[in-house]
Every structure is written in C-alpha cells, then in structure tokens.
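Line by line, the protein sequences are chains B and V. The letter at position 9 of the first sequence is residue 978 when you use my numbering, and the numbering goes up by one with no holes. The letter at position 216 of the second sequence is residue 1185 when you use my numbering, and the numbering goes up by one with no holes.
To be clear, the hints were calculated from the coordinates, so they are not data collected in a lab. A couple of the hints might just be wrong.
Claimed, not checked - Keeping only pairs whose Cα atoms sit at most 30 Å apart, straight-line, the calculated DSSO-like set for lysine-lysine is: (1) K1093(V) to K1283(B); (2) K1093(B) to K1180(B); (3) K1018(V) to K1283(V); (4) K1093(B) to K993(V); (5) K993(B) to K1018(V).
There are 2 protein chains.
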Amino acid sequence: MTTLDNFYSQVRAARPLDPILLDKPIALEALQTPALVIDLDVFERNLQKMQSYLSAQGIALRSHTKMHKCPVIARKQVEAGARGVCAAKVSEAEIMCDAGIDDVLVTSPLATRDKVDRFIGARKSHSGIKLVVDHEQSATLLNDSAGAEGLSVDVFIDIDPGMGRTGVEAGEGMLRLAEFVCAAEHLKLAGIQMYAGNCMHIEGFQDRQAKYTKVMQKGIETLALLQDNGIEVPIVSGGGTGTYNMEAELGLINELQAGSYAFMDIEYRDIGGRDSGVFSDFEVSLFVLVTAISQPQSRLITVDGGFKSFASDKMPPQFRDVEGVIYHWGGDEHGIIQLDNPSREVVLGDKLAMLTPHCDPTVNLHDFYFPYRDGLVHEIWPVSARGFAF
Amino acid sequence: MTTLDNFYSQVRAARPLDPILLDKPIALEALQTPALVIDLDVFERNLQKMQSYLSAQGIALRSHTKMHKCPVIARKQVEAGARGVCAAKVSEAEIMCDAGIDDVLVTSPLATRDKVDRFIGARKSHSGIKLVVDHEQSATLLNDSAGAEGLSVDVFIDIDPGMGRTGVEAGEGMLRLAEFVCAAEHLKLAGIQMYAGNCMHIEGFQDRQAKYTKVMQKGIETLALLQDNGIEVPIVSGGGTGTYNMEAELGLINELQAGSYAFMDIEYRDIGGRDSGVFSDFEVSLFVLVTAISQPQSRLITVDGGFKSFASDKMPPQFRDVEGVIYHWGGDEHGIIQLDNPSREVVLGDKLAMLTPHCDPTVNLHDFYFPYRDGLVHEIWPVSARGFAF
C-alpha cells in the first residue's frame, strides 16, 4: 500500500545511477540481442571534439540528457567540461540531480500544479535545478509553489522560434513575460532559451545556416529589446548538434543544448557538413546489435529488431558493416533484410550492428547500454531516466 | 561486479509481478502525465467477450503478452479461461513463467546457442514453456541444449504464411522439418503455428476474410500432408484479433493468438467489422493521458506526449473526448494540437485521454499502467516485460 507521491518517489529511488561492472570483459558478440551498444573510442572522441570546439569559441555546453537518459554519460560530459545538462522532463532532471549533476535545466514548460510542485520538491535539495517558463500562468504556478517553500527559483524564458511548439512569442510578448518574471517575488530570470528544433535537420550546411540565421534574428532583436528595457540576461541557451558551428558567427547563443553529437544517427549523418554532403564532424558511436534469427526465403533474412528496438519516426535502420542490403520493418520485434547484393555473407545466428535512424527515441526503448572498446564490454550503463514518462 | 549471466538474471528478478496498491483511490486527473491508463470496465468486457466467443466455437485462447507485457493482465486472461499465453521473446516468457502462468509459448524462433540455453534455463523450472522452431539448425541447437539437461521440450513448428518474416515454407519444407523434429531425441512436436500478421489489418471484413482464407489454404494443405504422413498435430495456433471470428469457419486454427482485443487501438478500430465500417467487436480500453502544457499560438496547443509516449509506426494519436482537432507529432516529448473546430475548449493544464495508434509498441514505451473505474485509480500495474529487449 502506497500513496501516489510515494509511488513516484519509489520509482525514482529504484533507478540505478552507476555503471554495472562485469567481473571480466566479454566479447561484443557474446551479448544477447537486441542490445544497445556504444563504440567508446568514437563516443569519447565526440565528447572531446564538441567540448574543445565550443570552449575555443567561448560557448558553454549544456548537453541534453533527453538524448541519452543516462547519469553515467551526463557525468562524463560534465567531467569533459560541460557547464551542466538539460532535461526534457522533471523526472529526467530528478535522475540527473540524484546522479550529482549540479546544474540541470528543465527545457519544457510545466502547466499543472502537480508537476510544478514536483519540480519544487527537487529544487529543495538541489539548488542548481532550473526551469523554463513560457506563460504567465506557468510562471505564477511556479512562483506560488516556490513561495510556499520560501525558495527563489532560477528560470529561463522559453521563446518560440516559430515552431509553434513551446515558447512565448518573441519581441513584445517576451518582454512582458520577462517583466512578469522579474517582478515575481520567488523567481529569478537566469536566462532565455530559444531552441530552433525545426532547423537542426535541414539538409545542406548553407541552407541550414541561412534558415537558422533568419529564424534566430527574432531572438537577437528580442535580446536587444530586453536590454533596452534594462533587463539583463546572462545566459542565452539553445542550438544543437546541427548548428553547433554556426552559433559563434551568429552571436546570440552562449550556451549550446546539444545532445545527439555524442551518439549520432542516420538522420544527423545525412544533413551534410560544412564541407561535405555527409555530416562527419561527429561519428556514429551508437548501434543496436541484432541477430539473424530466420530465413524463410533465400533472398531475405530476418533479424530480431523491429519497432520495439528502433524508433520508427524516421527512416529505417542500416547495417554498420554490410552494404547492398535493405532493412524493411517487420513489425514490433522483427526486421526483414532484403539481400540484394550483400557485401558480406549474412547467415542465421549472425550478430550484426545497426545504425539507429533517430538516436533519442531509440535509446528510450532500451534499459541498458553495453559500451565496448576493442570489441570487449567491461561494464553496463543504465538508461536510468527512460520509461519514467510521467 | 557481476557476470553477464548474473546480470540478465538480476534484471529478470527485479521485475515486479504484482499490482502496486494505492492506500486510497485517486482521481484519474491526479495522475502525472504522460500516463498509460486502462478503462477497466471496457477492458474486462473485452476479455469476457473474446473468451466467451472462442469457447462457444471450441477454439482455445492463447493470449499474446507481447501486446501488454504485464503479468497482472496475463493472469486475468488465464483466469477468464485462456489456455495460456504467447510471448515474443524468451525474456517476456521468463516474466510470465515467474508470474505463475503455466503454459507459455515463445512465438519467435531462436538461432543462437546463448538464447536457446536461456530458454532451456527457463524450461528447467517451468515445464509448460514451449518454443517455435522454423529451421533444422535452430531445432538442432534446441535438441542439443535440451539433451545437455536431460529434458524433452515441446515445440511448435512455425509456418511462413507468405510474409517472408519467420517460418518454414508450407508443404514439403514443413513436412521435412516435422520429421526432423519427430526424430530429434529431446524434442516433441506439440503443435504448429501459422500467424498471418499480414492479414490482421486488412480494411473491410470481406476483403480481410478473402485474403486470409487464401493465405491459410497452404496451412490446411500442410496439415493434411502431415496427417497423410502419419504425423499428428494436436494444436494449430495462429490468428489474431483481426481474424478471431473467421477461424471457426476456416477450420484450421484451434488456438487463437490474439493480443490487441484487450486494449484495441486506432489501427484495429479502423479495419472494419463484419457488419460495420468500424471494428467495434472490442472497444478501446487503453489511453495515454497527456497534459496541455504550452500554447504559443491561439489555434495550437501543445501536449506532453510525442514519440516517447506513442509509437509512431502508424497514424498519429487521437483524442478520446475532443473532436475537430488534429494531433501533429511535435518531436520526442510533444504533440501539437491544431484547434480547427474543437468540440470542447482545451486550455493550458487540461489533462486529456488519447487513443493510441498501435497499442503494442506504445505500451512498450511505458513502465506502468494506471487502470481506472468510475474515474478512480485503485492500483498500478507494472509493464514488467518491457525494455527487457535482450
């Protein structure tokens, strides 16, 4: 017998926060499948490359944990130099706080008292947790809940980059909300957030940069409007993997909310880089290991990964090491591989690594990562914040 | 420090098998969102209706737990009269065995020694767990692993209904594999499986029945071929929610593998019933409760459910109680609702129930069900077999 609040607390408390160590390393091919695996050399290069680049540009990194949902990875990002992390939900932020991450920004607004109270519950023990607001109603809820606990909460105001998803309107709408927040007794305006998710995957560097520059103009104008009205904003947060090398030139964002750079996926790989049709600034480090389990026809072979192993909101997955074949969705648990002109033989029982179409929702399907180096897995990392939907 | 085998065992042992009881009932609207909720009255009607119908037809029900992944629900199905359950994976089957379900069929073939050994590990303590085979290679693996433990294992031979996903070819191919299984010292031919997943969602009852009848002819011929060769097959398993009322007339299947009938979803609702354009034989009992969290434009409102709350392999979700609006995917955590001509006002902070496009992979995104009756939640059911991908 439990209360609802205790239930939520118990789910949170049960989430693992540390790596699970194997008593001896095991070969990647010894893993039972489907298994979410990370090439550690590539992953570490990605972390290093993004941090070095941003540090040289004077831009802080606030890595987005909605992508990996893993406290082990969040700690590595902070150790590599990230200022802190983003979380899409309070439940994710709680896990990151529990894992010892000091600076955590919840990037999606809350509109109900239960969620706001839950946020304030986390804020009581973790002074560095912050929240975006995009409406006077949610700012009022937050101010009331903070006041009830005698707290002052750092807030970022979320500006809509024209996506129509979240965020207050740029310009006068934003100014009014900023004044509202500044006047609220228990809120402190710590920054603004303008995340143009609609620009991240535009194919072609020049097209992406042109669109992004245009979209972000409203942010530049809004920031000037706030300053003209005596409102200083220390942090301007936004951007992502697809715009990381456009921000310095643009001059608005001083804190990047990148997530996918650590793992990469087919969708990001295909957007194109500054000098190439393939976006190779960061390399793919995340794969799903699957097994060929059936072959009803000679030109088809079926693997044990379908809608429950790969997010299906984008294109189908691809093999890392086999070309000349096509993956077709085969339902919840299966993929059917069309063996057109395979670059290597694929036979029953083979375990094969596949690139993920879209890393964030794919990770969310799994409970554990199996990171490997030189073909060996030494430890297992929990996807601690997944499935914790509420 | 742990071994890989111990890790798998520990993950299994940590899965909850029972309802979590709330000390007092709470209103549905008190749940934090996104939350997977079940209308208990409807759910129970669905269970009752399917079981009564099949019992009257002399067809056994082996409900598919890949749909709900929940031991609490599996027990209710067995209590209502189901012979046993199906599981798509060994990991799911383990959870159902642990929950006390006696008769569990793993419906997807295994092609590696590690998974076969894991199955045999479960078989050692649960005599009623069974496995499909569709190839001499996997049958040999199973026979060897069973022999090493001195066990005899019940197997079902999986026949490909022309999907090219899993299953041996009907006819002679099937006969050879059946003879192989009958000759294998540690295998016992307990049944055949022919699941025509390619027919379940054909729109229009007549079209569906015509296609299904054609596809299943090969099964009828194969069964006759086996009998002509002195091989008796007690159980013929297959079919699903979309064909439940075609099986008796067809006369092949004597054990139905239905799953979705318990929850239903948009995809099944839209296939059409025997006398209606809507398949209303079973009613939708499963919803995702979401909250309206942002409204950047007056004609749009954003809810906190996206790719991580709803499976995206099919159409977008729909509201249960609001018409005249359109849900657009808004990314991993968001849906953007276009308020064309809403049948009721939707405002910030509203909690709203949404129908799921495809129940199986949607359930797999969540960790808990919140079943309700008369608007009150009394207990919470774990989605115990989810995320347990390997």
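Practice item. Quick one: which hint numbers does this structure break? Sort them smallest to largest. Key: 1, 2 and 5
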